[in-house]
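Knowing the structure of chain P, use the given hints to seat chain B on it.
Chain order of the listed sequences is P and B. Per my numbering, residue 1 is the first one in the first sequence, and the count goes up by one each step. Per my numbering, residue 1 is the first one in the second sequence, and the count goes up by one each step.
Check the hints yourself; a few may be wrong.
Partial selection, computed: residues in chain B whose CB lies under 7 Å from chain P [claimed, not checked]:
| # | residue |
| --- | --- |
| 1 | G35 |
| 2 | I36 |
| 3 | I37 |
| 4 | S291 |
| 5 | F313 |
To be clear about the criterion: a stretch of chain P counts as covered by chain B if any three or more of its residues have a C-beta under 8 Å from a C-beta of chain B, and this derived list gives those stretches [as the list claims (entries may be wrong)]:
| # | region |
| --- | --- |
| 6 | 32–43 |
| 7 | 58–66 |
Keep in mind the hints are simulated off the structure, nothing from the lab. Quick caveat, the model's predicted, so the values are computed rather than measured. Just so you know, even glycine gets a beta-carbon here, dropped at the ideal spot from N, CA and C.
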Amino acid sequence: MSMYFTKEHEWVKVAGTTGTVGISDHAAHELGDITFVELPKIGAVVKQFGELGSIESVKAASDIFSPLSGTVIKVNDALEIAPEVVNESAEDAAWMAQIEITDEAELKNLMTQEQYNDYLKTL
Amino acid sequence: MEEQLQATPICSRHRALNALMAPFGGWDMPIQYEGIIAEHTWCRTKASLFDICHMGEFIFQGDFESGGLEDVFTFSVKSIPLGRSRYGFLLNEQGGIIDDLIVFRIAADKVMIVVNAATAPKDFAAIKGRLKGGVFTDITAATGKLDLQGPLSRDVMVDLFGEEVASIPYFKFVTMDILGTPAIVSRTGYTGELGYEIFISAEKVCELWDLLLMDARVKPAGLGARDVLRLEVGYSLYGSDIDEETTPLEAGLDGFVNFDKSFVGKEALLRVKEQGVARKKIAFEVAGRRSPRHHYDICSAGSTVGSVTSGVFSPMLGRGIGIGFVTPEHAAIGTPLTISHGRVSMEATVCELPFFKDGSVRS
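This is chain B alone, in the form it adopts within the complex:
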């Protein structure tokens, strides 16, 4: 059976720009326009515009404690200050990651939950199943989302929408009027550069796309460049690096898990903590330009000790980089490993994240 792909409101623009399109998370998405590396480099030096309308947005309104939302995620929702957002996880009972997501505290009794496209339906069902009250709505179809990312993105935003944008700190957002409609402008992103995620009504998002692209400092970038950008700064990609079989502890993401509160999956994680993890996430650099790829074997002394979950040629580092999972004894920084796939073999060394350290994200 052929999958029925969904199209974002920007789809006709992508086609007019001659973008290479491909299915992603059930959506027909632009992979590249002029080329992945050119788009990557533009984002690291100027400002790039991404159509992210495929991602899911939910609204919860009600009392977080009695409504049950407080125990849904690995972080406390009620402790997020107004106008701030927080990254964390929705776990299953076994501590596996159903999704990684960001919660935006919009009002005293209201949050917006932003989730991955491919997991949005199962996320909605899982969250709804855990709620005891409040009103929970899926606003994905009515919501457009554009990411403007890159060191010049603040200048572009200020020129178009005023000084208010200039003072938004990292992981804070404001609700402001854009094109005559209320929009959320958030200092967050997936590139390691200074940037904004803009949430605006689906009816207005195409107009906003056109407006931003009229600025000569802005070029469109596809999901191909987005994947290189996020991997260079070590962000996880759901479905590749993390999934329902992976706990935040194995993935080295325990910083986003608050063990001082209750949440679904906590007991399982505490057991894992006590017994120790069976495998650990590592980052590694390849000696050379060869690219590690998803599912390549990670070997040590001739035996397979793990598997690559993400890999790419890093234009910033000029060599192959990757993320994978290995047995814990091979996870220490500096450990030499061999990445292997058929007759392809490359020497690699376990390193720290991020690979690329000079991004403008906090500037």
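Excised from the complex, chain P in its bound form:
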């Protein structure tokens, strides 16, 4: 399964036409203790780089943007009760939403893991 990243530090894992979305380990570390995750509603139609949800830590509040356009088909509502999972496992257990991808060509606007690692070095 391939993993792609945005400049805003979201990731998407693509399997067929389904994309699983979360925020990167780097973003979770920068935010510090996560205290709240706002998830999208199932059925919501999202645009690439458009608003998907939001996340709050003791230090800051920030928006989460969708790496790809699509329709939300599943959300990880465990994060509503235990948002600290984002700090423990941002790129795995703390996935936030699954979307049915509408345009796979949009992947060209995202970074691969390697490109993202290089991008982090420039920050």
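Leaving out everything else, chain B in the frame of chain P:
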């Protein structure tokens, strides 16, 4: 122009511990070490060590009445018993708060005044301008200050420095020998837990930091945890909740104002008392984990009725908490309000302080 940050004597230790550092009140200070919530929880259950060397300390020596000090603050200095300290305000002529501070009665004719870091220079100038005699000195640079806070702090202090510490009551202090030098150990703090503020010479403070951290019950905590701890017990943060535009009456802090004596700002406060305050401080709890933040709007029935001055997710309560100012008709306990910022909106209810009621501060 880039601000030249001051460094405390402990600064190299913070860097060695990999602390996240940030400017605070003109100083380069540790915000967190392992994480704000972990440090917060350690302080509520064990003992946490804070580098508070950035705060200002002044000494006044002389006759309090003829020297003019008695009229400087909202409380009487001469009536503070020896070995006790008192919290209150330095006001401007309009009754606005120049700073909140604590005065320690060290001797019959001597007090130490402990003030916030960011306001220390203006505090010194304001106090000096009101004095008519006595000797007034800024000892900030020569003075180190460490706070040890948490339910185990008394045990730690007794094990290191002897039984004398065990009997210090809340808002009392002793002068004792620590590391071969005289130090002030005060039963005060900013966390709502049992704890001590230790004043020791700047040369010795790093050695004391190392000594306290050798105890396995003690971990360092940064200003991030300190802010969560103080807000959970409803203490005001100068510059956020109170400032020169805010009177103690609006801030609900009139308990620290003695109207039976004269002080700068008294006439203005009496006028406010007569006319009634235009806004009032409230505490509120959010329904949910969302965090209110400084400058978020406080709304009622679709219109803005005030503004948030402090807000955070409370680990003890498991929900967002905040302090703000609203028009008086929305200040009653139980009033439902909406906290709003852009597309963020949260339901909140006005509540009593402190938010967290089970701290060990008086144990």
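Verification of the supplied hints:
1. G35: OK, holds: B:G35 within 7 Å of chain P, min 5 Å.
2. I36: 5 Å, holds
3. I37: B:I37 check passes; min Cβ-Cβ to chain P is 4 Å, inside 7 Å.
4. S291: The hint holds - B:S291 has a Cβ within 7 Å of chain P, the shortest such distance being about 5 Å.
5. F313: For B:F313, the interface hint holds, since the closest Cβ of chain P sits about 4 Å away, which is under 7 Å.
6. 32–43: Contact hint for the region 32–43 of chain P vs chain B: holds, 5 residues under 8 Å.
7. 58–66: holds (count 3)
The structure agrees with every numbered hint stated previously.
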